[in-house]
Amino acid sequence: MLAFEELEVRYGPVVALRGVTLKLEPGIIGLLGPNGSGKSTLLKTLLGLLRPAGGRGEVLDVPLAGADAAQLRSRIGYMPEYDALIEDASAYEQVAFWGELSGLSARQARDRAHEVLYFVGLDESRYRNVSGYSTGMRQRVKLAQALVHSPELVFLDEPTNGLDPEGRTRMLDLVLKVRAELDTSVVLASHLLLDVERVADQLVILDKGEVKASGSMAGLRKMLSRRFELRFLDPLSAAQEAELGQLGTVLESRNGLYDLELADPDPVAAFRWAQARRATLVQLTPRHDRLDEVLIRALRPA
Amino acid sequence: MPIYAPSLPPRPEPGQGLPPALVIFRFDLRRVLRLKLGRFFGFVFLAILLILVAQLYVNHLMASKAALADIRKATEAFLPQGARFQAGLLNPFMITILWLQVALVGGGLVARDTLYRIRPLLYAHPVTPLDYLGAKALFAAGLPLAVMLPFILLPWGLSLAIAGLHGPVWPTAPLYLLPAAIAISALMGAVTLGASSLASSPKAGFGWALGILLGSSALGGVASGAFSDARWMALGLGTLSKAWPRLILGLQTEQGWIPVLLGTGFHLALWLTIAVRRTRPSEATI
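Protein sequence lines, in the order shown, are assigned to chains A and B. Numbers in this note's numbering are just positions in the first sequence, counted from 1, shifted up by 1. Numbers in this note's numbering are just positions in the second sequence, counted from 1, shifted up by 927.
Possibly wrong hints are sitting among the right ones.
Unchecked claim - To spell it out: a stretch of chain A is covered by chain B in this simulated footprint if at least three of its residues, at any positions, have a beta carbon under 8 Å from a beta carbon of chain B; those stretches are: (1) 247-259; (2) 264-274.
What the hints assert, rightly or not - Calculated from the model, a selection of chain A residues having no Cβ within reach of chain B, i.e. all distances over 10 Å: (3) A4; (4) E26; (5) L48; (6) D62; (7) A90; (8) W99; (9) E101; (10) S103; (11) R180; (12) R199; (13) K209; (14) R228; (15) R232; (16) P236.
The hints are simulated quantities; they were obtained by calculation from the structure and are not laboratory data. Yeah, the Cβ is synthetic: ideal placement off N, Cα and C, and Gly gets one too.
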């Protein structure tokens, strides 16, 4: 669905994306990264608003730099992070407008606007000007405009911004519903890790314009999580404890339990280390990191 | 608690709609028609048009009624029917009011999209910069042209109806006045687009448009004073829009054809270039 090879995007002399190589399958893709990491640039590039300076990329099997970029956008929906709402128009008017711009006839767009606004939970209020809407309602109008033409792929930029916990739950439920019932793939850019963790099945972590990690959520956790709890039959001597650093970084030690980040991704290295020092390793438990720990580790300087 | 639909009906077949430029144009037009401002200017222009028609009818009576011969002689000085009269159909007062209206309404054309951050979302749809600017230009130039058309066609039609080919308005007057109206509309459209694309809100867009109108006239005045040559006044937008009907109708102007053409070309190129540069997709901030 999305494939990039050595993609490079520049703003004049500044390299905003460098050597981005990714291959992502249909599903819900979480796009994570701190401010300035290149998330927005990647979205702009995917929408065809920026031309790559180098490398190749395909969205829905259409080359990014190809002449079909404008037509590609009729197959994509985009929900921006900020309030891109026409304040002096009703939700119904503007969703119908965006539908027409996506290639629907005026009649189709009007019918579809009603359907999609009902789908996101805006019933009678759809006839009111959006200037009087709550934050949650505004977010749902933005989602509705992204879905009005039933795109194959939708980009959601911080869809839960400014929502209360109940609103966030509703929005994330809608995201899951979009994937499950409309068969639309979702790229969810967010800094709220819990949101991504809840809905995404694939994850891309960006930092300073480079992909730090990507893959399925489960696979990524496994790949990035080298954190184990070790316990030995007998307490380690001071010399052995000092040598424990060869195995990895000791994050914490308490009552003979060592919290270690292994240098070698293969945990068998811990057994080898113990065997070489005639110590008996009785516990080697992987730590199930939360996503924020995974992210922090991925973004940590090498 | 919102009511969520179980799901959406099947996807409609796309590719059956209007071109994007027309969709944007129609949406902008609906927005402007809702404004109270439109009604105010509608009243002003209607009043000017009625005065023009009344003047035309009085003019006809003067010409056709023998009993009014003495009055006709007395009024010949202020009711002439030659080229000057034809040029007066697009009179400077009306053009000035039109500039104000275009600045007020058109100032927000691009600026409103900037304020509400609509442009990145527009470009995230199958909309090209040409579609976007084409729609805005159609609106910005179409509005003044639509206002000027009744001022050209209504007196002309009335004149033909009441007095035939020898009425006060020349039968060929639209052939002269329509190109003049198109040139004025193009100027107004270009300036409005440029001003609006420089602004971050509709109010600022109005300010920019008014500033450009007054500033260009001031610049023209300073330049003509400095070089002691009235042709420099063709830098001013007010002068240009008043000069076009007179030039096309063969009347004397202080500027002449070449300065007016150069001045018009300069303003069109400058403000359209600014509008193009300020509305590029890469300028769209996500």
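Results for each hint:
1. 247-259: Per the Cβ count (0), the hint is violated.
2. 264-274: Check failed, 0 qualifying residues.
3. A4: It holds; A:A4 is separated from chain B by about 20 Å at its closest Cβ, greater than 10 Å.
4. E26: holds (21 Å)
5. L48: violated (5 Å)
6. D62: holds (17 Å)
7. A90: violated (7 Å)
8. W99: Non-interface label fails for A:W99: nearest chain B Cβ at 7 Å, not farther than 10 Å.
9. E101: violated (5 Å)
10. S103: violated (6 Å)
11. R180: holds (12 Å)
12. R199: At about 18 Å from chain B, A:R199 clears the 10 Å cut-off, so the statement holds.
13. K209: holds (18 Å)
14. R228: holds (35 Å)
15. R232: Holds, since 50 Å exceeds 10 Å.
16. P236: A:P236 clear of chain B: closest Cβ-Cβ about 56 Å, beyond 10 Å.
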